[in-house]
Amino acid sequence: MKTGRRAITVALTSAAARSKTVGMSGERNADPDAGLVARCRRGDRAAFDALLARHRAHVVNLAYQMLGAADEAQDAAQEAFVKAFTRLKQFRGEALFATWLRRIAVNECLNRLARRRPVADVSAPLGVSPEPVEEALAVRAAMQALSPPLRAALVLRELHGASYEDIARILRIPLGTVRSRLAAARDKLREMLSEKE
Amino acid sequence: MNDLRCDDVRELLSALLDEELSPEERIMALGHIERCAPCRAWLAQVHAAQQRLRAYPRIESARDLNDVVMVRVTAGPLTRLADALDRLICTPARQVAAAMVAALALSALVLSALVLFAALHVVTQCGRAALPERATARPAPQQAQGVAMLPEADIPRPPAGMMPRARVLPPEEIQRRLEETLRRDYSAK
Numbered sequence: 001m002k003t004g005r006r007a008i009t010v011a012l013t014s015a016a017a018r019s020k021t022v023g024m025s026g027e028r029n030a031d032p033d034a035g036l037v038a039r040c041r042r043g044d045r046a047a048f049d050a051l052l053a054r055h056r057a058h059v060v061n062l063a064y065q066m067l068g069a070a071d072e073a074q075d076a077a078q079e080a081f082v083k084a085f086t087r088l089k090q091f092r093g094e095a096l097f098a099t100w101l102r103r104i105a106v107n108e109c110l111n112r113l114a115r116r117r118p119v120a121d122v123s124a125p126l127g128v129s130p131e132p133v134e135e136a137l138a139v140r141a142a143m144q145a146l147s148p149p150l151r152a153a154l155v156l157r158e159l160h161g162a163s164y165e166d167i168a169r170i171l172r173i174p175l176g177t178v179r180s181r182l183a184a185a186r187d188k189l190r191e192m193l194s195e196k197e
Numbered sequence: 001m002n003d004l005r006c007d008d009v010r011e012l013l014s015a016l017l018d019e020e021l022s023p024e025e026r027i028m029a030l031g032h033i034e035r036c037a038p039c040r041a042w043l044a045q046v047h048a049a050q051q052r053l054r055a056y057p058r059i060e061s062a063r064d065l066n067d068v069v070m071v072r073v074t075a076g077p078l079t080r081l082a083d084a085l086d087r088l089i090c091t092p093a094r095q096v097a098a099a100m101v102a103a104l105a106l107s108a109l110v111l112s113a114l115v116l117f118a119a120l121h122v123v124t125q126c127g128r129a130a131l132p133e134r135a136t137a138r139p140a141p142q143q144a145q146g147v148a149m150l151p152e153a154d155i156p157r158p159p160a161g162m163m164p165r166a167r168v169l170p171p172e173e174i175q176r177r178l179e180e181t182l183r184r185d186y187s188a189k
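Protein chains in written order, with my numbering: chain A, 1 to 197; chain B, 1 to 189.
The set of hints was computed from the structure by calculation and includes no laboratory data. It cannot be assumed that every hint is accurate.
What the hints assert, rightly or not - Non-contacting residues of chain B with respect to chain A, defined by C-beta distances greater than 12 Å in every case (computed):
#, residue
1, L4
2, L12
3, A98
4, A99
5, A102
6, L116
7, L182
As the list claims (entries may be wrong) - Here are some chain A residues pointing at chain B (derived, C-beta under 10 Å):
#, residue
8, Q74
9, L137
10, A185
Said to hold, decoys possible - Here chain B is said to cover these stretches of chain A; the calculated rule only asks that three of the stretch's residues, wherever they fall, bring their Cβ under 8 Å from a Cβ of chain B:
#, stretch
11, 51-61
12, 149-159
Just so you know, even glycine gets a beta-carbon here, dropped at the ideal spot from N, CA and C.
Work out the full structure: start from the sequences and follow the hints.
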């Protein structure tokens with residue numbers, strides 16, 4: 001019992017620390033990309049490159065976490081950036097540029113998943129992971145076994161540090177749904193990763 | 001507090017990990033795990049799974065991403081349309097499907113053109129067949145009440161084989177004929 005309580009204390013302490021350090025959500029008043037977006041709208045190539053450089057790693061990995069296949073993730077990221085920069089005039093700054101861009105990327109991935117046949121490709125090349133290959137494969141397979149709506153919520157929260165409010169904005173769902181989807185996703189992930197231990 | 005089922009509490013416990021609970025909900029969740037060993041175990045397992053997610057592999061974005069995106073963003077609408085079609089029919093199965101759709105569309109177009117041509121032809125033929133009947137038909141002489149018509153025999157006829165031609169009588173002749181008709185009608189009464 002004491003061990004269980006200690007684990008819970010550790011979990012809650014690390015969760016509290018994590019929620020203070022995550023980067024995507026934050027002050028709504030100051031969008032760090034606002035200046036670059038304005039310059040980009042005026043056709044400034046340097047601003048375009050700077051915006052892409054700032055977000056490309058996040059977007060391509062978000063796509064990889066959603067799709068599980070590196071090649072398709074590159075295509076989806078490219079498509080998301082093309083859509084974002086083509087529609088840049090429609091961005092009114094109601095959310096952070098990063099949130100808006102991630103919404104486009106997630107939608108692109110969900111559309112691709114909807115068109116895809118439901119067969120998990122376990123032979124797809126793996127990216128770089130600090131953990132052993134078996135562990136990386138197990139985690140990727142567990143993530144890909146989640147339904148796309150659950151996966152999207154979990155990826156945004158666990159791997160991109162999005163707040164519930166940001167997840168609700170990106171997926172266009174109520175806050176209560178964010179909470180229930182995250183609980184369901186975690187429960188399923190716990191089951192699958194416990195089996196593979 | 002005791003009436004909360006574990007299934008209902010799991011949602012609160014998940015949000016507890018994210019520090020996304022109201023103060024009341026937090027007290028409720030902490031109170032539940034204090035008493036419920038299965039929920040404590042669940043929370044510990046979820047936390048362990050969270051830690052393992054860090055092993056999710058990462059990839060580098062394509063080197064030419066900036067250039068490709070710039071070219072596509074600045075391309076004209078026709079290039080974008082061609083590009084979109086190209087991406088839409090990127091697999092052999094989709095290429096076959098696209099070819100079949102194109103063949104069907106072409107067949108439908110040819111068929112529609114043939115039907116339209118045939119319909120126009122039929123309409124034209126019917127029109128030609130009806131034309132002589134209309135040309136030879138003469139309207140029945142109308143006699144409005146109280147209006148005297150000129151005797152038909154007085155209207156000059158064109159020679160046979162020629163189309164009737166309008167003939168204008170001089171005003172004196174019209175006046176003379178009208179007076180004659182009126183005199184005849186009134187003298188009969």
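Status of each hint after checking the structure:
no., hint, verdict
1, L4, "holds, 14 Å"
2, L12, "violated, 8 Å"
3, A98, "holds, 15 Å"
4, A99, "holds, 20 Å"
5, A102, "holds, 21 Å"
6, L116, "holds, 38 Å"
7, L182, "holds, 86 Å"
8, Q74, "holds, 5 Å"
9, L137, "holds, 9 Å"
10, A185, "holds, 9 Å"
11, 51-61, "holds (count 7)"
12, 149-159, "holds (count 3)"
Checked against the numbered hints listed earlier, the structure breaks hint 2 alone; every other hint is satisfied.
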